[in-house]
Structures are given as structure tokens and as C-alpha cells.
Amino acid sequence: MDTPIIPVAGGMEAGLDRTPATAGRGTYLETLHSWVVTVDHKRLGMLYIGLALLFLLVGGFEVLLIRIQLFVPHNTFVSAGTFNRMFTMHGTTMVFLVGMPILFGFGNYLVPLMIGARDMAFPRLNAFSFWISAFGGLLLYYSFIGGVGLFGTGSAPDVAWFAYAPLTERAFSPGHSVDYWAVAIFASGIGSIGTSINIIATAFSMRCKGMTLMRMPLLPWLYVTTSFLVLLAVGPLTAAQAMLLIDRYLGGHFFDTQAGGSAILWAHFFWIFGHPEVYVLVLPPFGFANEIIPVFSRKAIFGYPAMMAASVGIGFVSLTVWAHHMFTIGMTSFGNLFFTLSTMVVSIPTGIKTFNWLATIWGGKVRFETPMLFSIAFLFQWVIAGLTGIMLSVSPWNWQLHNSYFVVAHFHYVLVGAILFMIFAAFYYWYPKMTGRMLNERLGKWHFWLMVIGFHMTFDVMHFPGLLGMPRQIFTYEPDRGWTTLNQIVSVGALFQAIATLVFVYNLIDSYFHGDTAGPDPWDAWTLEWSTPSPPPVYNFAVDPEVASRRPLWDLKHPEDPDGPYE
Amino acid sequence: MHPSKFWDKDKKEGQVKSPFSVRQLVAAPGMWVSTCVGAAANPSTSTFSSLSTPAREVYGLSLFVLAITGMIFFSVSCLLVYALVHFRARPDDETEPPQVFGSVNIELAWTIIPILTLVVLFLGTARVLFSIQDARKPASALDVTVVGHQFWWEFRYPQYNVVTANELHLPLSSAEAQQPTFMKLTSADVMHSFWVPQLAGKTDLLPNRVNEMWIDPLKPGLYLGQCAQFCGIEHAKMLLRIYVDEPEQFKNWIAEQQQKQPEIKDQQAADEGQPNPKIDERQSPLPPNSPATRINTANESAVVPQGTNAHDGQLVFEHQACINCHTVAGTIADGRFGPDLTHLMSRSTLAAGVVSNTPDQLNAWISAPDKIKPGSLMPNMHLTDRQNAQITAYLLTLK
Chain A
422 MDTPIIPVAG GMEAGLDRTP ATAGRGTYLE TLHSWVVTVD HKRLGMLYIG
472 LALLFLLVGG FEVLLIRIQL FVPHNTFVSA GTFNRMFTMH GTTMVFLVGM
522 PILFGFGNYL VPLMIGARDM AFPRLNAFSF WISAFGGLLL YYSFIGGVGL
572 FGTGSAPDVA WFAYAPLTER AFSPGHSVDY WAVAIFASGI GSIGTSINII
622 ATAFSMRCKG MTLMRMPLLP WLYVTTSFLV LLAVGPLTAA QAMLLIDRYL
672 GGHFFDTQAG GSAILWAHFF WIFGHPEVYV LVLPPFGFAN EIIPVFSRKA
722 IFGYPAMMAA SVGIGFVSLT VWAHHMFTIG MTSFGNLFFT LSTMVVSIPT
772 GIKTFNWLAT IWGGKVRFET PMLFSIAFLF QWVIAGLTGI MLSVSPWNWQ
822 LHNSYFVVAH FHYVLVGAIL FMIFAAFYYW YPKMTGRMLN ERLGKWHFWL
872 MVIGFHMTFD VMHFPGLLGM PRQIFTYEPD RGWTTLNQIV SVGALFQAIA
922 TLVFVYNLID SYFHGDTAGP DPWDAWTLEW STPSPPPVYN FAVDPEVASR
972 RPLWDLKHPE DPDGPYE
Chain B
12 MHPSKFWDKD KKEGQVKSPF SVRQLVAAPG MWVSTCVGAA ANPSTSTFSS
62 LSTPAREVYG LSLFVLAITG MIFFSVSCLL VYALVHFRAR PDDETEPPQV
112 FGSVNIELAW TIIPILTLVV LFLGTARVLF SIQDARKPAS ALDVTVVGHQ
162 FWWEFRYPQY NVVTANELHL PLSSAEAQQP TFMKLTSADV MHSFWVPQLA
212 GKTDLLPNRV NEMWIDPLKP GLYLGQCAQF CGIEHAKMLL RIYVDEPEQF
262 KNWIAEQQQK QPEIKDQQAA DEGQPNPKID ERQSPLPPNS PATRINTANE
312 SAVVPQGTNA HDGQLVFEHQ ACINCHTVAG TIADGRFGPD LTHLMSRSTL
362 AAGVVSNTPD QLNAWISAPD KIKPGSLMPN MHLTDRQNAQ ITAYLLTLK
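Here the protein sequences line up with chains A and B, keeping their order.
Quick note: the first sequence, position 472, residue 893 per our numbering, numbers continuous.
Quick note: the second sequence, position 329, residue 340 per our numbering, numbers continuous.
Rather than coming from a laboratory, the hints here were simulated on the basis of the structure.
The C-beta atom is built at its ideal place from N, Cα and C for all residues, glycine as well.
Misleading hints may appear alongside valid ones.
[Claimed, not checked] Covered stretches of chain A, as calculated for chain B (at least 3 residues, CB under 8 Å): (1) 716 to 722; (2) 852 to 866.
[Said to hold, decoys possible] Partial pick of chain B residues on the chain A-facing surface, computed with a CB cut under 8 Å: (3) F85; (4) S86; (5) C89; (6) E107; (7) L127; (8) L183; (9) G212.
Construct all of the structure, not just a fragment, from the sequences and the given hints.
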């Protein structure tokens, strides 16, 4: 089949790849070898995504055990120790082994393509970052078998994902499970920093001809912001892990309160990482929304400069809010007030983004395909997550809500309702680019509706046990508290989400073999990645592209009405 | 019987279904606008049925914030739904809509309006924040020191020299006679958090640090709460009970708690026929060594066989490692690692609220703490059944 030729703005003819699609298949071992030694940003992106999907299933399985245990009060389905391990591993897995890798995966894949580059700035650093992150993940999970220490306790870590000191000190957590936790995060942190440096260098130095920073699509912009946040935030976390290991093995007393150390010190270190981390996870999905919502509304993004400024603004403000996780820890009233204010300030740039998405839809012609469905759900859920975030920023109310199921509901609204929903949208949107096949639209709709029903059953209802006084991280609860029915609805919702995820995974596998052929530009989109074949060749672009606006493909498709004059 | 038992009729082991849960579920959506309801008769952990000034102020603030955020949600959702319905793609319409790239005025509007909203929210928050956190401590205030332990609560009343565990007794603070309780909170091991939703928000307990909070319960009754900061394996079973007593009741309770238990030599004397008023008269009006007394003691429990006597129990208790961790004021037992047992029988639950304080449960707890609360730091001492029964009999005398 002849590949279509798209002339690139500037009159140069660059079409798409004219070399044969495959240079002949290798043996199984050769293929495997080529994936292990690859430094291609697209393959590494897919490796990241594959790894993250694997851990998504594992983390999902862990949470199902949690939800079964909480189905009735005084349940003995799993022991207290197992339950504590499950929620520790669920949290650590979902943040460090699902969220970060899957977003870095998409970033790896998309950033060079969207800025018209042939690879990342440092391909071998890229490979190193992936493998060290994967190593961190395997190390964490090895703790299930290797974590039994000299003292005969523990397998996986059971100190909660924020691992507050001094519970993690040797006096309270003998054995090696905490060591595995610390070293695993240490390792994956190195990977994250490597990838961040790579993304920043790529976006700043490898943009194609004509792509000024103000013409760079918003997705790379958000990845740049995220990467700066990773550089600033992961450092303290890595330092804290080193300090913890020094405490545990070299007689340090940073967090060892029995020897004069400070428990609050750990909390500060952790949340100086932990809160920017939330934005590290949510900014790339904002980037997905910035690409998907305009394409399916058939309109340019509303207020590009404001969107960009808001993203960078969120990045800056998010560095000043960490202690809103610590309103109950005993800060002074002025301390509490400061973090109330800084937290509320985040909602201003966030609000700008939300209103700009709304304005992008306004006046458009909205197509309701699966990527857009997930994006619409994202918009509603993001608004709710933001508003419960404002509630939590009100420090006196936070004294009641902190560490309750209300907080759990709030941050799952962010992590699932916003981030995971946009990740699903991104899968439906870019899977055709990555594989050359469309995802099945009918299964996609099943996935979407099951997910929406399950999500709202689980996380809407989950606010209420929190308001009724249910703390998080408890392996069981008393029958007389009025939490039982609510927990049962939550658990049933979790089952819906599990089924939805399985439908999705089936769709991913089945469509790879039987999906409709996608072609280079199935969504009639406007950014550079859609100008190459699907999947793109190793070198991405046969000829270096040259752009004259933020939407180079719009210019090509509408030569009579190019974007340039309006920007 | 201790007055606390009056409110405490809910404890039935293995009870799964509670009429309360259904009621709460039905009430849940309405809760957003519900007003304070007196829930003292029905112990509740709802943050919206506040019965103390700090909790009430937070509750009022929460309604204010809910109103504002509710309006934001309503208006944004309406706009979004309208946009999605009105601007949906019509079939067979292949044309592109007009491209709009932005509008500085509109964007300024939706920057400034949220800023103004936040100023209002922030000022409302600041008022409540200072009014609670920087409240002055009146001279009439009761001091309580709360020490968190894995996995139980130690309560000290420095003004009265009273120490107890897991069940905090506080005086009512009425409008006429204000007696708020000012608490200092710290931890003996890891982080914990003190949370009784009807009385106040939570405050963390940290080792090497003292935090403060205050409450002024406005209704007598039982208040429930639990540890709200993950503190290890039995975090879920670190429950809190607060009994708010009328001032008179509270004084009596303090007076009872201040009494010491008799020395063992008094008991030996008692065995030799000299009645010890402190222990035996409270147990029974009969002479201490009469068979009827022993049967009375035994009848309290099937696990304490006839002929078991509290005095033997005290001997076992004091000759085992029990006293390394537990205090019984007035005796040689002065361990500080575990809960103070001086007036164990005045408490309605064992093991930080996990089981009710009956002779059977007490015996089961002593025999195998790990069965009732796996991971509890109280070890199984591997005593004989007879020794366990004797200790139980002894502890039953610690009224």
C-alpha cells in the first residue's frame, strides 16, 4: 500500500517513511535482545508503559484484598499484618511503579515525536533510567520473598506508603522489609531524575525548525514542568531514604526519636517530595487533556499562553504547599495559616486550566469517541477533586478530615478520577500511533461506563465514612459506627473498576492483533506525531519537519487559513 | 456498678449488623446540610454531630466551605453540561467550527473571581483557626496528659495524681460552669493521633514532642474515637472511649481512682483471718474466708474455678513479669510500659476497647493476648490455666 504523502509547511516534501516497514522478522531471542538493548525512545516508552500496566494489575489485586477485608466489620479474610502490607504496597506501587513509569512512558514516546525530534537527547541515559526504575520495582516486590530478616518478621513493608518515622526505625520495624522499601524508592528515584533531565534537555534543545517555545505543544510543556518538579522533589526523598538507611544501619539518629531524633523531620522530607509528586503525576494528564480535548472539540486550545503559564504556575506553587499534609502534627497557628493560603492559591491556576478546557469545548463540534469520553469524565471528576482539595486546605476542617477516609476519597479522586482516567484517554488516543491499530471502540465504551460506574460507587461514597469518623489504614472496624453499608458499596464499586480494567487489558491485547488499521492520522489531529506512519519508524521523521504554528497539521490541512497570524 | 456501664450497653462480641449503619446511610446525603443533633444517647463518631466548642466551630466552618464549593461545582457543571450538549457534533457535518484562540478579558475574569472567592474562604478559615488553636486556657481548666503507646492510650491527670488507660473521664463543661479540658499529647514510641470526632479534630502524638489541644464537652455521655495515625500492626484496634461525667460524678470518679490498692502483706493478713476492709468488704459483706465469699468470686466467671483466690493471684502476678510493665498503685507492681491496672475493673473494655471487660474476656486476654489482638506488645506468659485463673481473680478485685 502506498503511504500517503503529507507535504510539510514550507513547501518541502517530506512524507512519510518510504523504507519497507519491516526488515524481516528475527528469531524470538533476537527480538527479545533488541528490546533489552534498545535505546529508542519509542521502545523505551512502551517498556515503561508495559511495566506500569503489569504493576497496575498487581496494585489493583492488592486493593481488592483490602476491599474484601473491609466488606464487613471484624472481618478475618486477611490478617492485620497482611492488610497493612497490602495498603503499603498498593500505595507505593501505584505511585512509584504505575503512575511515574506510565507517565514517563508516554512522555518518552510522545515528547520527541511532538517536537519533531528523532530521539531523546540522551538515549542511553534513557535506557539506564528505565532499567534502574524497573530494578527498583522488582526490588520492592522481592521483599515479599526476601524480606524475612534475621528477626523472623515481616515480608513486604507494612509501614504505610509515607512510612512515617519512627515506625520505620529498627526498634519498631526489625527485619529487612523497610530496607527493601527504602532501597527500591532510592533506585526508582534515580531513574526518575535521569528521565527528567532527559525530557528537559530534549524539549529545550531538540525542537524542530520553526518550533519556538511558544509554539511547542502543551503536552511537552507540561512534561517540562513535571520534570523540573521531579528534579526538585525527588532529591529530598532520596536524601531521606539515605538518612533512614543511615539510621537503620550506621547508628544515625535523624529520625530515631529514642535518641533525640525528630519524627517531624521525616514528615517534612517526605511531603516536600510528596506534594509536588501529586503534581508530577497530574501535570502530564493535563497535557493529555490539552491535546485530546481540542482535537475532539475540533477547536484550538483556548488561551494557550494562559494554559502554559498556569501549568508552570502550578509547578511553582506546588513547591510551597507540602505541610498541608501536616496540619495535625502540631504546627503553630501561623504555620497552619501559611499552608492554608498556599494550598488555596494552587486552585487559581488550576481553575484557569479548567475554565480554558471548558472554553475550548464551547463553540466546538464535540465528537464523543472513547478518548473524549474519558476526558469529559476527567473534567467533572477533576472539578470535584479540586473542590474537596479546597475543603482539605481549610486547616480547621482538615483537623477533622485528615487521615480519614475523606482524604482517601479525595486523593483517589485525583489519582483515579483525574490521572487514571486521562491515562486511559491517552491509551485510546495514542494506541493507534504506537501499534498501528485502533482500539476496539465498543469495548472502549464498555470499559468507560464500567469504570465510571465503579469509580463513582467507590469514591463518591468513600467520602462519607471519613465524615463519619473512619480513619484510613485500619484493617477492620467496629460494627456500631455506621460505616458498614458504606464500605460495602465502596467494595462493590472496586469490583466494577477491576472488571473495567480487565476489559481494557483485553482490548489492548486483542486490538493489537485484530484491531482496525489506524493509518497515520486516525483522529484528524494537528500535532506532529500524526504526520508520521503508525507505528513510526525508528527515526520518526524521514525528513526533519519544519513548523510555522502550534498546529502544523492544521496548517497543512487548511492552507487557506493557517494558524500563524492568530498566535 | 460503675456509672459508665449506663451508656455502655452496645458491646456484644461478633455483632455485625447495627441499625445505626442503615440510618447513617439514609442520612448521609442529607448530612451535608444537617444541623447538630444531640447524639449523646447514641455514641457516634460523626464529624457532623459536634458536641464541643472546637468541633462546633469547625462544623460551622465546614458548612460555609461546603456552600461555597457547592456553588462552584454547580455552576461549572452546568456550564460543562450545556457546552457538551449544545456543541455536540451533528451527524454529517464535516466542517470545522470557527477557531477561537483565547480572550484576555474572559481569562482575566476567571482569574480574578476565584481569587476573590479564595479571599473570603481564607478569612473565614483564619478566624476559626485562631479562635480554636490560640484559645486562652481558663483557670478552671482540667489538665490531662495523653501518652500514645503501641497500641493503647495512657491518660494522666497531673492535678489529681491519677493515671488510667484507654477510657478517659472528663467533666462536663456547661455554660454555667465552664471546665474545658486542656490536653498535652505525646507518645512513648511511634506517631499516633488522638481523634474523637464529636469533640474536636485530631492532634498527633509524637515522641520527643508535646502537642496541645482542648475540648469542652457540652453533653454528658460516651464519646468514641480511635487512633488516626497509622502506628503499626494493631493501629485499627487502638480505640478511644471518653466518658463525659456530670461534675459531681467526675469528682467521685477521681476520688475512686486516687485510692491505692492494698499491699500484699495486708492480703496475707486477710488470709489469716483479719478482714481487710479495702478489698473484701467491697467484694462481699461476708467474712473473707467463708466459703460463700469464694463461691461469689467464682460465680463471676466460669474460667475462675472454685477455690481460686485473689490472694494467690496477686502472688502469681507479683512473682511473674507482669509487674515489669504494669502498675497497681499501693503494691510493688510499678511497671510503666503497659496500662496502669490499679482500677482495672472501673473500665468497661480491655485492650484499648477491643473486648468488653468481663471475667471471661479478661482471662482469655491474660492467657493469650495474641489471640485477641495479634501483634499486641503484651506477651503470652505461658502460665498454667490455674495461674491465669488466679491472676484473673486478683485483677477482678482491682475495682
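How the hints compare with the structure:
no., hint, in the structure
1, 716 to 722, "holds (count 4)"
2, 852 to 866, "violated (count 0)"
3, F85, "violated (10 Å)"
4, S86, "violated (10 Å)"
5, C89, "violated (11 Å)"
6, E107, "holds (5 Å)"
7, L127, "violated (11 Å)"
8, L183, "violated (21 Å)"
9, G212, "holds (2 Å)"
When held up to the earlier numbered hints, the structure conflicts with 2, 3, 4, 5, 7, 8 and fits the remainder.
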